[in-house]
Amino acid sequence: MKLYSIIFIVFFSACAKKFSTDDLSISESIPSSWDLKLTDSSRVIGNWWESFDDSIFTRVLNDFNQSSPDLKNISSRMNVAKQILKINKSSRLPSFSLGMNGASRKQNLTAFGLSDDFFGGGPDSAQSNDSGSGVTSFSSSNFGLNLTMQWELDVWGKLFNRARAASNEYQSAYYDLSFLSFSMRIQLAKLYFSTVEALEQYELSNETYNSVSELADMVSARYDKGLRSSLDLRLTKSSKASSKAQMEIRKQTYLVFVRRLESMLGKYPNGTYMVNNKLGSKLPQITIGIPSEILNRRPDIKSSLAKLQAASFKKSESFASHLPSLILTSSAGTSSSDLNDILDEDYQIWSQGLTVRLPIFQGGSIRANYSIAEENLNIAKQDLIKTIINAYSEVEQTLFAENSNDILLDAYEVAAEQAEAAYKLSRERYDSGLVDLIAVMDSQQRWFLSRSQVLAEKKNKIHTRLNLLLAFGGTF
0 MKLYSIIFIV FFSACAKKFS TDDLSISESI PSSWDLKLTD SSRVIGNWWE
50 SFDDSIFTRV LNDFNQSSPD LKNISSRMNV AKQILKINKS SRLPSFSLGM
100 NGASRKQNLT AFGLSDDFFG GGPDSAQSND SGSGVTSFSS SNFGLNLTMQ
150 WELDVWGKLF NRARAASNEY QSAYYDLSFL SFSMRIQLAK LYFSTVEALE
200 QYELSNETYN SVSELADMVS ARYDKGLRSS LDLRLTKSSK ASSKAQMEIR
250 KQTYLVFVRR LESMLGKYPN GTYMVNNKLG SKLPQITIGI PSEILNRRPD
300 IKSSLAKLQA ASFKKSESFA SHLPSLILTS SAGTSSSDLN DILDEDYQIW
350 SQGLTVRLPI FQGGSIRANY SIAEENLNIA KQDLIKTIIN AYSEVEQTLF
400 AENSNDILLD AYEVAAEQAE AAYKLSRERY DSGLVDLIAV MDSQQRWFLS
450 RSQVLAEKKN KIHTRLNLLL AFGGTF
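Under numbering that gives the first Met the number 0, the first residue of the sequence shown is numbered 0, with each subsequent residue one higher.
Think of the hints as simulated: they come from the structure by calculation, not from any bench.
Among these hints, one or two may not hold up.
Stated by the list, open to error - DEER-style ranges, computed between Cβ atoms:
(1) 74 - 373: 32 to 42 Å
(2) 259 - 395: 24 to 34 Å
(3) 183 - 331: 45 to 55 Å
(4) 65 - 338: 53 to 63 Å
(5) 183 - 271: 16 to 26 Å
(6) 396 - 363: 22 to 32 Å
(7) 384 - 86: 25 to 35 Å
(8) 255 - 292: 31 to 41 Å
(9) 69 - 352: 46 to 56 Å
(10) 86 - 331: 40 to 50 Å
None of the values given here were measured: they were computed from a predicted structure.
Virtual Cβ for every residue (Gly too), placed ideally from N, Cα, C.
Work out the full structure, taking the sequences as your base and the hints as a guide.
Pasting the structure below:
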């Protein structure tokens with residue numbers, strides 16, 4: 000009865016514990032709904048990039064899928080992970096090897112006190128006497144061809160746990176690389192729309208410069224007629240120069256974004272890649288669902304869960320290292336003193352055996368490895384909790400940003416509309432002599448500034464929606 004109890008305890012200890020997100024304490028604190036809602040949402044159907052209704056962006060994404068060095072790197076890393084899985088699983092199967100050996104040996108017999116005819120002499124004898132030295136020697140040759148097999152019997156589940164750990168590590172790598180691939184496409188989209196916004200900002204700076212130049216020319220013409228003071232003339236010239244500098248800064252910013260986009264696409268960064276010249280208003284629609292759904296959607300959570308499960312299997316494997324290992328060995332082949340006979344069936348040899356290895360004293364290394372595996376399991380569990388908390392934080396923050404974007408965009412659009420009306424009114428009153436030039440220039444700058452803020456907020460709204468798509472785990 001005691002023997003059965005010991006065997007049961009050993010097998011129970013060698014079995015890995017199964018984990019799920021429901022086992023974590025954080026699962027009990029997940030609310031039934033998000034703090035903020037996303038209005039007018041529907042399920043993402045098909046390709047999310049088509050929701051922007053931007054054919055140029057679709058072309059950019061196709062170029063990225065075909066030519067991006069980063070995506071090719073991810074593909075190669077995925078293949079490496081797959082091959083590592085095959086290597087780790089191979090330990091459960093028997094290994095076979097084919098070998099061929101040859102050796103020649105010559106022994107000096109003088110020290111043994113043997114006579115010259117001890118081996119019978121004659122022309123076929125392996126005995127020889129080096130001429131002039133009086134040294135008697137004996138030579139022999141051996142050639143062999145053999146097939147060997149070695150197979151460790153997985154009595155305690157050590158190899159099984161090792162293979163399952165490797166399988167979970169591959170799943171973790173797959174989720175990580177898949178999420179990285181999707182994240183890079185999101186980053187490409189954000190870079191593209193930042194480039195479009197930079198182009199619009201550059202075009203707005205051109206419009207600003209032309210408007211300021213028009214005002215400066217008007218003031219200059221009136222100054223020449225003595226209708227305006229030198230102060231107005233200098234103010235408009237200063238504003239014109241500042242607008243020209245601002246236009247050059249916006250041009251630099253635009254070219255920086257274009258070259259970054261070209262580099263991401265694996266193209267030479269010469270700053271000539273064409274993008275759309277207007278930000279769209281259409282966005283991918285997303286179904287928020289309930290918070291608990293994110294546990295099954297986010298690849299990084301799945302990756303952390305797979306790492307936790309792998310750590311559990313490694314802990315069980317480490318425990319099995321305390322137990323004896325049973326290894327079957329087998330060998331079959333031929334052996335002959337003549338190389339021509341190694342394929343002759345008359346010279347066949349074979350052997351079979353069982354090797355039992357029981358660790359007795361390893362300087363505490365086996366126990367230390369088990370302690371490391373146990374701590375790695377605790378680390379993996381805490382990493383999973385951190386990943387879940389970070390995922391919820393990203394979603395809640397992005398939902399808050401969605402609402403803020405709507406408020407800011409509405410406010411900036413109203414400000415731009417009112418600033419335009421104020422500028423036109425100030426121009427009329429300046430022509431009538433009712434206001435000074437400062438009022439005109441101030442209303443003009445407010446108008447173009449508010450328009451610039453509208454463009455920036457439109458881009459931020461697109462970025463926020465892309466971040467939300469990423470925060471929910473994308474579409475896999």
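Here's how the hints hold up against the structure:
1. 74 - 373: 32 to 42 Å: holds, 36 Å
2. 259 - 395: 24 to 34 Å: Holds, at about 30 Å.
3. 183 - 331: 45 to 55 Å: Since residue 183 and residue 331 have Cβ atoms about 54 Å apart, the given range 45 to 55 Å holds.
4. 65 - 338: 53 to 63 Å: Because 57 Å falls inside the window, the suggested range holds.
5. 183 - 271: 16 to 26 Å: holds, 23 Å
6. 396 - 363: 22 to 32 Å: At roughly 48 Å between Cβ atoms, residue 363 and residue 396 fall outside 22 to 32 Å, so the hint is violated.
7. 384 - 86: 25 to 35 Å: The hinted range 25 to 35 Å holds for residue 384 and residue 86, with Cβ atoms some 31 Å apart.
8. 255 - 292: 31 to 41 Å: holds, 39 Å
9. 69 - 352: 46 to 56 Å: holds, 52 Å
10. 86 - 331: 40 to 50 Å: violated, 27 Å
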